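Going down the list, the sequences are from chains Z and H. The first sequence begins at 110 in my numbering and counts up one residue at a time. The second sequence begins at -15 in my numbering and counts up one residue at a time.
Please note that the accuracy of each hint is not assured.
[Said to hold, decoys possible] Straight-line Cα separation of at most 30 Å, DSSO-like style, residue types lysine-lysine; simulated pairs:
id	chain 1	residue 1	chain 2	residue 2
1	Z	K163	Z	K567
2	H	K85	Z	K220
3	Z	K567	Z	K486
4	H	K7	H	K84
5	Z	K570	Z	K220
6	Z	K220	H	K84
7	Z	K596	Z	K220
8	H	K8	Z	K724
9	H	K12	H	K85
Bear in mind the hints are in silico, worked out from the structure with no lab data behind them. Please read these numbers as outputs of a predicted model, since none were measured by experiment.
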Amino acid sequence: MTISMAHFPILAIMVLFLGAFLVALFGRKSEVLRNGISFLATGGAMAFMLALIKPVMIDGEVITYWLGNWAPVSGWAIGISIEVDALSLFFGLVITVAVFVSCIYAFTYMKEDDSLANYFTLFLMLSGSVLGLVLSGDLFNMFVMIEIMTFTAVALTAFRNNYEGAIEGAFKYLAVGALGSTAVLTGIAILYCQLHTLNLAQIAATLPQYADSPLTIMAFGLLFIGFGTKAFIFPFHPLAADAHAVAPASISLMISGVLTKCGVYGIIRLVYVLFQNVEVPAVQYLVVGFGTVSMFICVTMAFNQHNFKRLLAFHSISQVGYVIAAIGLGTALGLSSGLYHAMNHTLFKGLLFLTAGAVQHATGSLDLDRLGGLAKKMPKTCILFLIGAASISGLPPFNGFASKWYIYQAAFEKGSTSGNFFFIFVCVVALITSVLTLASFIKVAQSVFFGQLSPEFKDTKEVSLAMRIPMWILAVLCIFTGLLPGKVSEYLLTPATNAAMNAVNYIDQMMGQGYAVSHGVAGSLGDTAVTFAGVWDPVIWLLLLFCVTCAVAIVAILGSNRKLGTREAPAALQEPEKVAPAEAKYEPFFSGEESVYSQVGGSDLFWGFKHNLKKYFSFMHDWHSGIVNDYALYGVVAIAFVLVFCIAFV
Amino acid sequence: MLQVNYIGAFCLIVLGMYCMIAKKNLMKTCIGMGMMDYGVNLLIVSVGFHDGGTAPIFVISELSRASFFVDPVPQALTLTSIVIGACTTAMALSLVIMAKKQYGTINTEQIRRLNG
Chain Z
110 MTISMAHFPI LAIMVLFLGA FLVALFGRKS EVLRNGISFL ATGGAMAFML
160 ALIKPVMIDG EVITYWLGNW APVSGWAIGI SIEVDALSLF FGLVITVAVF
210 VSCIYAFTYM KEDDSLANYF TLFLMLSGSV LGLVLSGDLF NMFVMIEIMT
260 FTAVALTAFR NNYEGAIEGA FKYLAVGALG STAVLTGIAI LYCQLHTLNL
310 AQIAATLPQY ADSPLTIMAF GLLFIGFGTK AFIFPFHPLA ADAHAVAPAS
360 ISLMISGVLT KCGVYGIIRL VYVLFQNVEV PAVQYLVVGF GTVSMFICVT
410 MAFNQHNFKR LLAFHSISQV GYVIAAIGLG TALGLSSGLY HAMNHTLFKG
460 LLFLTAGAVQ HATGSLDLDR LGGLAKKMPK TCILFLIGAA SISGLPPFNG
510 FASKWYIYQA AFEKGSTSGN FFFIFVCVVA LITSVLTLAS FIKVAQSVFF
560 GQLSPEFKDT KEVSLAMRIP MWILAVLCIF TGLLPGKVSE YLLTPATNAA
610 MNAVNYIDQM MGQGYAVSHG VAGSLGDTAV TFAGVWDPVI WLLLLFCVTC
660 AVAIVAILGS NRKLGTREAP AALQEPEKVA PAEAKYEPFF SGEESVYSQV
710 GGSDLFWGFK HNLKKYFSFM HDWHSGIVND YALYGVVAIA FVLVFCIAFV
Chain H
-15 MLQVNYIGAF CLIVLGMYCM IAKKNLMKTC IGMGMMDYGV NLLIVSVGFH
35 DGGTAPIFVI SELSRASFFV DPVPQALTLT SIVIGACTTA MALSLVIMAK
85 KQYGTINTEQ IRRLNG
C-alpha cells in the first residue's frame, strides 16, 4: 500500500464537504461556478473510490487511516479512524456513483428552482456524510454522520417548500427519524459504558467477552433498530413514502438509493463484524423477520397509491426488505445476494425515480389517475422506464432477476440445510412479493406511459438530453450488472462478503496483528465460498428478449400499414373535411361512435384484486394515517419490541 | 448517586417518547424530541462520571496510576450531541413555522395530507 492510497478515503470525504463549503461561498454568484464545483466534488469522490478498487477489492488490502496520526497506544484506540475494507468500499462505490448521477441530473431538473446554491450545499453535505458513514471506523463518528445525513435529507425533502405536503413529509421524517437517532446514541452510550472505546475494531475485539451481558444485548437491539430506522424498515416505512413523494426526484434517488444503503450497511457491520452474532438463530429471526415483513407490507401498500413517486417509495422499501432478509440469513450466499440486490436496488430504483422526475418535469403531474399515454410524447423516457421496471420486477436478463434469483436460492438453501420452515416461508414470500411488484409496475406503465393520452397533456415534450444522460448511465449499469453476474460477483460481491465475514482481519488491520486472537475473537464466520444451486445464462435471455422485441416490432410495423384509423379518430372529429373522400363514403357503415377519452386510471387497473382484499387494503390505508403521533407510536413499539425480543431470546 | 442519573435519563427518554406519541401539537412534538436528546446526553455524561474524580486536565508528566479523574470522552460526545440536538430542534421549529403558514394549524391531526 502506497502512502497516497491511504489518503484516498479521507480525501473523498473531504472533497465533498469542501465542495459544500465552496458552493455556499461562491455558488450564489454564478451558475457555472456552482455546477462546476458540484460536478468536480462528486466526480472527484467517485474517482477516489474507483481508484481504491485495485488495492481493496482485487488485492484484498484494508486501508486504515488515523486522523491526525493518533495511532493506538498499547492496544487502546484513542484517535478517530477511517477503515476501508471491501464491504465499506462496496457501499462507497454504490454511493458515489448514485451521488454523481443525482448531481448531473439535478443541473437540469432543478434549473427552474431558486436558491440552488443552498440545494447544492446541502446535497454535497448529504453526500459527504453518507460517504463518511460507510468509511468511518469509529462508532460515534458514524452517529454524527447519521445525524448530518438525516437533517440535510430533511432540509432537501422540504426544499420545494411550496409543494403540497413538503413541510409535512419533512417534519415526519425529522421527528420519527429522531427516535432512530436516539436509539443509536443510547446504544453507543451503553457500549461505551462497558468497553470504554468507540473504535469499531476494538469494540469488535472486546465485545465477545461481554456477549452474554444483558447490556450488550440491549445495545445490540438499540443499534439494530436505529440503523433500521435509517433503512426505513417496516414500522418506519411511512416516513420514506411521505418524504419521497414530496422531495425533488434527484433527492428521492438519494433517499432511496443512498440513505437506505447506509442503514443496510450499519446492520451488516453490526451483525457480522461488531457483534458477530449473525449465527445466533434469534438474531437471524429478528433480521430476516423485519426484512420479510417490510418487503410484503410495502409491496401491498404500493397497490393503494395514486402518486407515482409515493408508489415507487413503497417499492423501494419493499426491495430494501429483500436486502435485509438476505443479509440476515447469515450465510455467504445470503450476504452476497443481499449486497448484489442492494447495489441493483440503487441502480434500478434510482432510474425509476429519475424517470418519475422526468415525467413530473415534462407534465407537472405525478398523479397516476390523470397521466396516460405518455409513450407517444416521451418515447425515450418510456424505454428507460421499461428497463427500470423490468429490472425491479425481476425479469431476466436485467439485474433485478439475477439478484432476486440468488436471494431465493439463499433463503431456500438456508431452509433446507437448517431444516427450518421459516426460511422456506421467507422464500415463498419473496416470490409472491416479486409477482406483486411486477403487477404494480404493469399498473404504473399502463397508467403513465400506455393507454390513452389525456387531452390535458397533449403538448408534452420529451425531456432534454441532459436529463436523459444520467438516466442512461443507470440503465446501462442495470443491463451490465444483469448480464455479467459472474464479473460483479468476482470483483465486488465476493471481496465484500469475505471482508464482512472475516472480522478478525478487520480488527487486526486496525489494531495490529494478533489483536483479535489475543482478545478471544473466535475467527471468521462460517464458509465464505459462494455456490449457486441454480444455473442460468443471462445472454440467452437477452437473445430471447431481443427476438421477442423484434417479433413485436415486425407485427407492429406490418399492422400499422393497414389503415384502421381508430387512433386518428379524435383528429377526424375536429377536422372532418380532411378525411379522404373514399373513406368518407363508408363512414356511416364503419365509424359508429367516435372514440372518447376513456383511460383506465391507475387506481382501477387491479380493481378486482383490490375489491376482493378490500378489508386488508382499507385497514392498511387507515393504518398509515399520516399523523406524526401514530408514526412515532409505531416507532416506539418497534424499539420496545426489538429490546424485549433481544433480551428474551438472544 | 449515579443510579439517580440513570433513572433520570431513562425517565427523560420515556417522557420524550410519550410526549411525541400523545401530544397533538407540533410544538410539543418538538419538545418531546428535545427531551429524548437531553435524556441521552444525561446518560452519556453519567457513564463517564467518577465520584470524586477531578477535571481531566493534565500534562503527561503529572499523569500517574494514582490520578483519578472523570472520563473526558463522554463529555466530548455530549458536547457534540448537544450541538446536533440544537440543530435538530432548530430545524424542527422552522418546519413548524412553515407548517403553520401553510396549513393554518399546528394540530397534528389536521396535518395529514400525505396518508394511506
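A quick look at each hint next to the structure:
no. : hint              : verdict
1   : K163(Z) x K567(Z) : violated (51 Å)
2   : K85(H) x K220(Z)  : holds (26 Å)
3   : K567(Z) x K486(Z) : holds (8 Å)
4   : K7(H) x K84(H)    : holds (17 Å)
5   : K570(Z) x K220(Z) : holds (17 Å)
6   : K220(Z) x K84(H)  : holds (28 Å)
7   : K596(Z) x K220(Z) : violated (38 Å)
8   : K8(H) x K724(Z)   : holds (28 Å)
9   : K12(H) x K85(H)   : holds (18 Å)
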